[in-house]
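J.: Chains as they are written, first to last, in our numbering: chain A, 36 to 383; chain Z, 36 to 383; chain S, 36 to 383; chain X, 36 to 383.
Be careful, since some hints might not be right.
Given that identical chains are not distinguished, each listed pair holds provided it fits within a single copy or across any two copies.
Claimed, not checked - Taking lysine to aspartate or glutamate pairs in the EDC-like style, the calculated list, with each CA pair at most 20 angstroms apart, reads: (1) LYS72 / ASP162; (2) LYS76 / GLU223; (3) LYS255 / ASP162; (4) LYS334 / ASP359; (5) LYS76 / ASP286; (6) LYS72 / GLU83; (7) LYS255 / GLU83.
In short, the hints are calculated from the structure, not lab data.
There are 4 protein chains.
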Amino acid sequence: MFFASDNWAGAHPAIAESLVEAAAGFASAYGTSDLDKRVEKTFSEIFERDVAVFFVGTGTAANSLALASVTRPGGQVFCHREAHVNVDECNAPEFFACGAKLQPVDGPAGKMPADALAAAIGRFPPDFIHGGQPMAVTITQATEAGTAYTLDEIAALAAVAGEAGLPLHMDGARFANALVHLGTTPAEMTWKRGVDILSFGGTKNGCWCAEALVLFDPGKARQMHFLRKRSAQLFSKSRFIAAQFEAYFRDGLWLELARRSNGTAARLAEGIGRSATARLAWPTGSNELFAIVRNDAIKALRDKGAVFYDWPAGPAVKATMAEDETLIRLVTSFATTDEEIAGFLSAL
Amino acid sequence: MFFASDNWAGAHPAIAESLVEAAAGFASAYGTSDLDKRVEKTFSEIFERDVAVFFVGTGTAANSLALASVTRPGGQVFCHREAHVNVDECNAPEFFACGAKLQPVDGPAGKMPADALAAAIGRFPPDFIHGGQPMAVTITQATEAGTAYTLDEIAALAAVAGEAGLPLHMDGARFANALVHLGTTPAEMTWKRGVDILSFGGTKNGCWCAEALVLFDPGKARQMHFLRKRSAQLFSKSRFIAAQFEAYFRDGLWLELARRSNGTAARLAEGIGRSATARLAWPTGSNELFAIVRNDAIKALRDKGAVFYDWPAGPAVKATMAEDETLIRLVTSFATTDEEIAGFLSAL
Amino acid sequence: MFFASDNWAGAHPAIAESLVEAAAGFASAYGTSDLDKRVEKTFSEIFERDVAVFFVGTGTAANSLALASVTRPGGQVFCHREAHVNVDECNAPEFFACGAKLQPVDGPAGKMPADALAAAIGRFPPDFIHGGQPMAVTITQATEAGTAYTLDEIAALAAVAGEAGLPLHMDGARFANALVHLGTTPAEMTWKRGVDILSFGGTKNGCWCAEALVLFDPGKARQMHFLRKRSAQLFSKSRFIAAQFEAYFRDGLWLELARRSNGTAARLAEGIGRSATARLAWPTGSNELFAIVRNDAIKALRDKGAVFYDWPAGPAVKATMAEDETLIRLVTSFATTDEEIAGFLSAL
Amino acid sequence: MFFASDNWAGAHPAIAESLVEAAAGFASAYGTSDLDKRVEKTFSEIFERDVAVFFVGTGTAANSLALASVTRPGGQVFCHREAHVNVDECNAPEFFACGAKLQPVDGPAGKMPADALAAAIGRFPPDFIHGGQPMAVTITQATEAGTAYTLDEIAALAAVAGEAGLPLHMDGARFANALVHLGTTPAEMTWKRGVDILSFGGTKNGCWCAEALVLFDPGKARQMHFLRKRSAQLFSKSRFIAAQFEAYFRDGLWLELARRSNGTAARLAEGIGRSATARLAWPTGSNELFAIVRNDAIKALRDKGAVFYDWPAGPAVKATMAEDETLIRLVTSFATTDEEIAGFLSAL
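This is chain A alone, in the form it adopts within the complex (with noise of 0.2 angstroms):
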């Protein structure tokens, strides 16, 4: 019974086997082989655009190359206060961008509002040297708390960003899980809603070791075969990541995959509404869910065996809770199966 991250799990059969298919033959080196270029051309069938598309190895080199490639000294960056690179990643983001700075903001279940996007970046006055400059706007998709953003809110962010002169960046580490929440498509998700650079993640849906940025401006991608390179993300044999996405893209298994695991955490989030000792904190929009637990209950499925993290809780969800409660995280994945979550909501 693991639910403490989709890490946990390994690779799909399917990804697994292409790396053995792609294991034979020459091929030449640094993302410019035959299967490189094949996939980067799905990249833009999927998005319904050219895009340019930079295979690196991990999420966080993703979102830092993403920020360090639109931030210039002074450069200040909003996002979410719980946002990935702002609490997880040891200051990547800062250092990739030579000391740009993240603006956290506020908001319910992970989502920044647009306003409060709107007056954070009012504090920064056009030419006033001192506090710098705002320079973009993340967001992630789905967000830390597990919700997803709808189409309006990407679009009421993007209009913010924009009106200020920002560009706008998607984190999606777990975009599938979000795609298949919304029932959209990846254009009308990111572009189409204005979002101009994503980092878009295969890892955490089944993938061993694959993520990309993807440029929806790909006259903008000069820069980043250099920013890349110097950032030691430029991957000699880059097919082995292709050979991934291949498999990844292949019959919809990205989007198989991710609806089995936004399955089962809807499974357990029914469970979960219906049990006596827990709760969920808010609504899930992928496959992570945050639940309040009474301390007994997480002991007895602690000794059943479930393997989840306890996660700090903010002020507002922790006014809701009693002293003998605890707010845990829950994440399953494409390998959870039926068993773990009955097994689950058993112990509970």
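Here the structure of chain A is known, so what remains is to put chains Z, S and X in place on it, guided by the hints.
T.: Quick look at chains Z, S and X alone, frame taken from chain A:
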């Protein structure tokens, strides 16, 4: 007939299969799984002492992190002029080390002579603030010229570095090739000769993507955890690197693969030695060789489908070349076949 | 009636004259002259212990170098949310420290409460790689709110920092103002209370351009020489800073100037206390005060030629303000005259 | 008899007095005062076109900011091997430019030949990611060898840079000395010959601390405001630099001072030319000269109190030197007296 780079090969079947085997099941993320720990232990066995091991995604990352970990403001790092860190990493070492500077040292056949190193270090008087301060020495084994430092040469460089209080880093992108060429042990070629930090490469020798930073003093490892994460090189499903190394080390596969590519390189060298239109620029000590070839022979080779790169010749080599000759680089890999060698030599 | 900033004043005549006196003659450059050495010794006398002193050109440089010297990759630095390093230095601290991150802590009247600091540090568990690691605490004395930490408050913060193994930095841009307000000695306000590094400011208190970084543990000074030079803060004719400090310290001029500006600020505060249209937002502890003023009075003041800045009010202060009131900042300097005070108060 | 550096002189009385005059009164801070604006306008007059001017504290800062402003990831900057930015700034240019790399070019007497520059640039093929990309050229006028580029030489270098699409920066730490040596105008020596950015130095020529970054395309100035502030080079009482420049430019003082130091250097050179124990290593074009002197004469000079530095001789010069000779550097300043020259020459 692919002799462009060992990066053009894919992965050895055993290594790709290891990724399939490891794909199932849950395991804790970010380098903490049993498999990660097991492979880390294997490194200690192979090096005959407790070492700290950090898996990373690229050789550039390993080198850059190594240098970043041993430099402070004003840091000068000494390397051969043609070292990969100096000419082929797009400023990644300088970036990771916050502006540290590489001080190139000349030497024949890709090797930095100990006295040239001592002279270069000597140009930085202690406490002369303006010029910065020596902070590290880095050597490449096998070198970018395909040669291998002898154990005595390594010891001599380490003595110079040690005298100046500088740590010695070894870029081992082709570690196994040099090792089997010298017929020595990993311990003898590194810490027993004074090497402090090693970039241990698996990718060029049959892995998909497997590089490790090895610290021979594990007491200095703590900061590296943060340094690696800040550089976006901590992989969530880190065991996908561990799984490659597990197969790589099993039953000495890594040494067998290196022997194979060194062997095809040797046969190539032998054939070139007999040729009327080509000669070796210097003896090889790995799977990489450099040949001076008549331009008409080069044309013939390429017409027959041989793939390789022209290489810039330094002044000393240039002086030995005729007008109608070109320096080329030939690299074999674990996947190079006898047919390819025969085909190349007959075309020559 | 200039109350915009103490930076708007020029230099005290004695300090400017000192530059004239020092202008003649030759002296060794880059901080090695007799005058430099002499003034460094004065710092040791003033602080009653051997200190290492580094002259720099701006307060931003002093603060940024201090933080850079005590942070490593993944470094988190704790400061008050309104601290100058956090809001007014255009990411210089983050840049100098290669991407270190400032963790803002809230507290009333510009002061960071010790328990809030402890809680903030506590959110970073040891060895949790993703979040980075606490590396330093920085406080401002006098604070950006014009208040001064008491000696006990400094000691309490130092105790929290020390418990966590973190060095304590003090931004003393208005060091002298806080010092004379508390009526204590430089030693008592710093190292005797646990401060490790000090940005000692002279510019705001009557110098042209004189800032010094003071290390209370001179054994840690060696790296700072290179750090300062790499940051372009080693002045060739460094004695032009030394000459200012020499005049600044002669016959206690620095304390006299601070008493003077604190005194005019106190009279201003007193007058505001008696006013019907204005009141202090909180008591002052330096030459800087914050007042809540009726908008019509603000207009009258500006019509009469008073120069000052509106200031953003935090939520706690805002809650006490009427709709037709504004928070303003008033700063006096050594050059502020009794006439200016009288003029301001009568216009109020 | 101080010939160690022009940095050993203090400040010209008129410049120190200007600081006394400017000390009184209030003025807006951070470069916005009337005096700042007035002096900026003077720069435009002197250069016969609208320029953007940024005052900074050190030559290292001016150079590093200039290079930082024109480099992006993977940036290669071409300079003479002995350029100050390459050997005497403790990695500040690399740090400010986030890891950009200096590519040293050899040339006699401190000058980079245009064809050598073209060859160096040519080693970086367009779109070859691994090696990074050319981004700027920087030259020093007068050079570190005390010579001055002719106007034609500058134009030739600018043509090479322009061909490659690279901006041309001039390090003018001894701008005035080269200018009066060539007998030309500031405009002719810079933008009319293709210089894009200039580090304009006043410190070595009689100021206390006055350096300016001059952008000949003011349209590119916006980012520099943030870059300068982030680098801790925005001075609060910026008018203390402006006041120095005001006196520096008044009635052509700066040219007079440069003529004076060039003149004493010329007399020194003449005397050395007549000497039996010394000879010039190459002709001088400023206030700096390099002489090959017999060791017994050097001893005699130092015994008589002459202060100067030995200098490392490059291979070409070394080949012309006897075993008992040493290369020395002699620098005169505005404050060098005829007695010092006479004393030196008689001791020789």
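J.: One pair to classify: LYS334 and ASP359, alpha carbons no more than 20 angstroms apart. Within, between, both, or neither?
T.: within (12 angstroms within a copy, 56 angstroms between copies)
J.: Using 20 angstroms as the alpha-carbon threshold, which applies to LYS76 and GLU223: within, between, both, or neither?
T.: Close inside one copy (19 angstroms), not across copies (48 angstroms); limit 20 angstroms.
J.: Tell me, please, which holds for LYS255 and GLU83 at an alpha-carbon limit of 20 angstroms: within, between, both or neither?
T.: within (18 angstroms within a copy, 36 angstroms between copies)
J.: Pop the pair LYS72 and GLU83 into one bin, within, between, both or neither, using alpha-carbon distances up to 20 angstroms.
T.: within (16 angstroms within a copy, 43 angstroms between copies)
J.: Under a CA distance limit of 20 angstroms, which applies to LYS76 and ASP286: within one copy, between copies, both, or neither?
T.: The answer is within: 16 angstroms in one copy meets 20 angstroms, while 40 angstroms across copies does not.
J.: At most 20 angstroms between alpha carbons: which applies to LYS255 and ASP162, within, between, both or neither?
T.: Answer is between; shortest inter-copy Cα gap is 15 angstroms, intra-copy 25 angstroms.
J.: For LYS72 vs ASP162, is the C-alpha pair at or below 20 angstroms within one copy, between two copies, both, or neither?
T.: So LYS72 and ASP162 pass the 20 angstroms test across copies only (17 angstroms; inside, 43 angstroms).
Of the numbered hints stated above, none is contradicted by the structure.
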